[in-house]
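Asks: Sequence:
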Amino acid sequence: MSLTAVAAAVFALGSGDYHIAAPNVIRALTGGGDEGDRLVVRELRLPRVVTALAVGAALALAGAASQSLVRNPLGSPDMLGFTQGAATGALLAVVAGGGSAALA
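Basically our numbering = 1-based index in the sequence shown + 151.
Hint data in this document are derived by calculation from the structure and do not stem from the laboratory. We put the beta carbon where it would ideally sit given N, CA and C, even for glycine. Treat the hints with care, as some may be off.
Restraint-style ranges between C-beta atoms, simulated for each label pair [as the list claims (entries may be wrong)]:
hint, residue 1, residue 2, range
1, Ser153, Gln218, 48 to 58 Å
2, His170, Ala208, 24 to 34 Å
3, Leu210, Val245, 18 to 28 Å
4, Gln235, Pro174, 19 to 29 Å
5, Gly236, Val206, 38 to 48 Å
6, Ala241, Val221, 15 to 25 Å
7, Ala215, Ala172, 16 to 26 Å
8, His170, Ser219, 35 to 45 Å
9, Phe233, Gly187, 39 to 49 Å
10, Arg193, Gly236, 34 to 44 Å
11, Ala238, Ala208, 22 to 32 Å
12, Ala203, Ala241, 15 to 25 Å
13, Thr239, Thr181, 18 to 28 Å
14, Ala213, Ala158, 21 to 31 Å
Make the full structure from the sequences, and use the hints.
Replies: This is how it looks when you write it as structure tokens:
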């Protein structure tokens, strides 16, 4: 699973408007390669990829804690009221004027 995460991270670091091949991404991470590639990979894309990995790990931890709290490995979010809380938050966002028009 960690090999898949590393492969996805290298893919994310290389994809975008300025495409960088995987070997060049690895060179940029190790300090070699083109100056432009190093700038794009290290300064622009790497912080986003690291943040995405950290958020994914935090969500996995929260899910594991939630399932151990209800002592049911197949426990659904409605058991603790998460679904109702999310629906209430979405309703408040729409009523407060942050509906889909804010996303357009």
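Asks: Using the Cβ atoms, figure out if alanine 241 sits within 15 to 25 Å of valine 221.
Replies: holds (23 Å)
Asks: Taking 16 to 26 Å as the hint, is the beta-carbon distance of alanine 215 and alanine 172 inside that range?
Replies: The hinted range 16 to 26 Å is violated for alanine 215 and alanine 172, with Cβ atoms some 36 Å apart.
Asks: Could you tell me whether the CB distance from arginine 193 to glycine 236 stays inside 34 to 44 Å?
Replies: holds (39 Å)
Asks: Quick one: are histidine 170 and alanine 208 within 24 to 34 Å, going by C-beta?
Replies: holds (28 Å)
Asks: Range hint 38 to 48 Å: satisfied by the CB atoms of glycine 236 and valine 206?
Replies: Taking Cβ atoms as reference, glycine 236 and valine 206 lie about 19 Å apart, which means the hint is violated.
Asks: Check the following: the C-beta atoms of histidine 170 and serine 219 are separated by a distance inside 35 to 45 Å.
Replies: holds (43 Å)
Asks: Holds or violated: the 48 to 58 Å window for the beta-carbon distance between serine 153 and glutamine 218?
Replies: This hint is violated: roughly 21 Å between Cβ atoms.
Asks: Should the hint that glutamine 235 and proline 174 are 19 to 29 Å apart at their CB atoms be regarded as holding?
Replies: violated (49 Å)
Asks: Return holds or violated for the Cβ distance of leucine 210 and valine 245 against the range 18 to 28 Å.
Replies: Because 24 Å falls inside the window, the suggested range holds.
Asks: Please test the hint of 21 to 31 Å on the beta carbon pair from alanine 213 and alanine 158.
Replies: holds (25 Å)
Asks: Do alanine 238 and alanine 208 keep their Cβ atoms within the hinted range of 22 to 32 Å?
Replies: holds (26 Å)
Asks: Between alanine 203 and alanine 241, is the Cβ distance one that fits in 15 to 25 Å?
Replies: Holds - the Cβ-Cβ distance for alanine 203 and alanine 241, about 23 Å, lies within 15 to 25 Å.
Checked against the numbered hints given earlier, the structure breaks hints 1, 4, 5, 7, 13 and satisfies all the rest.
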